Amino acid sequence: MNINTVEKLYNGINNQHNGYELILQDDTKFSVPLNSENRHYQAIQEWVADGGTVIDNPPE
Amino acid sequence: MGSITRSFANLITANGPSAVADGSVTTADISGNINFRNIIINGDMSIAQRGTSATGLTGGAYNTADRFYLNMGTAGTWTNTISTDVPTGQGFAKSFKLDCTTANASLSAGSYMTVQQRFEGQNLQYIKKGTSSAESLTLSFWVKSNKTGTYIALLKDNDNGRDISKSYTISSADTWEKKTITFPGDTSGALDNDDGASLMVYFWLVAGSTYQSGSLQTSWNSTDDSAVGQVNLADSTDNEWYITGVQLEAGTSASDFEFLPHDVNLKRCERYFQYYHEIRMYVSLARIGDTSGIWTPSFYYRNKFRTTPTKVYYDTDGYSGNSNRMRVMRLDSSNTTTTNINGGFYEDTNTDFAINSYNTSTGIAGYGDSAILTFYDLEADAEL
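These protein sequences, in sequence, are chains U and W. Note that the first sequence covers residues 1 to 60 in our numbering. Note that the second sequence covers residues 1 to 384 in our numbering.
This is chain U alone, in the form it adopts within the complex (with noise of 0.2 Å):
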């Protein structure tokens, strides 16, 4: 899975972390939830491992 960037996604009714946008690098973007049994969850923490910083923007 070719990562390009993985950000935070923040629930705006009480500002939780609860997914990531994952875009490969060929743009494609994908909502991914926090589930460990998600391969697209388990490829984000592959590449965090290898060295990928994750964005954090959470909401004011």
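Label pairs and their in silico Cβ distance ranges: (1) U:E46 with W:S219: 26 to 34 Å; (2) W:Q212 with U:E60: 55 to 63 Å; (3) U:E60 with W:S213: 55 to 63 Å; (4) W:A109 with U:D26: 22 to 30 Å.
To give an idea of the chain U side of the interface with chain W (calculated C-beta under 10 Å), a few residues: (5) G19; (6) F30; (7) V32; (8) P33; (9) N38; (10) R39.
Which bits of chain W does chain U cover? Going by a derived footprint, with three or more residues having C-beta under 8 Å, they are: (11) 300-311; (12) 376-383.
These are computed hints drawn from the structure, not numbers from a lab. Every value quoted in this text rests on a predicted model; they were computed, and no experiment measured them. C-beta atoms are modelled at their ideal positions from N, C-alpha and C, and glycine is treated no differently.
Given chain U, put chain W in place with the hints provided.
Just chain W, lined up with the frame of chain U:
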């Protein structure tokens, strides 16, 4: 009406093979897991929700036939299609085709290319892996290629890091051949009883030297994936490879391919992937156009997913718009725009989802207005 002959050779145990010497079979003669005996899902390649053609492939992805994952690295460039080229007289209508468009005749050590299917452990407890009663598994399939020679099929126990490889030979170029491979039961390493990826089957097509050292590991072992002897299918843009009728079943012999009704096959695939076109949601008294954003109603999937799926949305028909956006239209059609789905979810499970897009600035409606929200081409993916 013509006669129908089916092979139950590895299923008849109650009264032994002699019970069918006269050609009659009763339920008393048959034991074993007859219905849904094929561990492979969509082995006849009849379901392709993602589409029937994908080009320029260089990495791992699910592309065409549901449940079949194409994994590769430094193995050339490929086109994957669903073909109507099938073995004659076997009842198949579709096959999975790979066509090399950019060759790699000088593989890197780590070059690899496999076609895979991955299975949940909870569906395989009956093979009793990791016990003294572990079942053998028999893999059968129809295959065709211009590239003759040795190919490798592999079973991988993803829970315990164990695998086993067997070779088969494509003998005649451009000719459909049926192959049958039996893997012995593994008395070590029980499969997890859950919905994770426990067992995998690999069809090797390209294997660099990393996978070709020593001798082929033809018994269950804990070494790295072994593909010793595998030909390089990527060595020419003339190369093609077709497969259909893939079946993996308990026992030491292959029964006839288990054809399932289309609706049953689709429903089994939809545990892992679902495609929707033009989902429209009516939102009454929505908060649209202010910084508090949009809350959509809950959307319920046709079938329950294995786990919470990843979602990709498009705001324009035909995948031509921007991904992860939705279209917002006032009820009087006086204004239409798109907005990012950047607020995540306030409901997100394996049965339904609802979106909160909190910092939209659509500007087409105010607090208390109503609108129609549209997602075009929604893909939801809970594959293993």
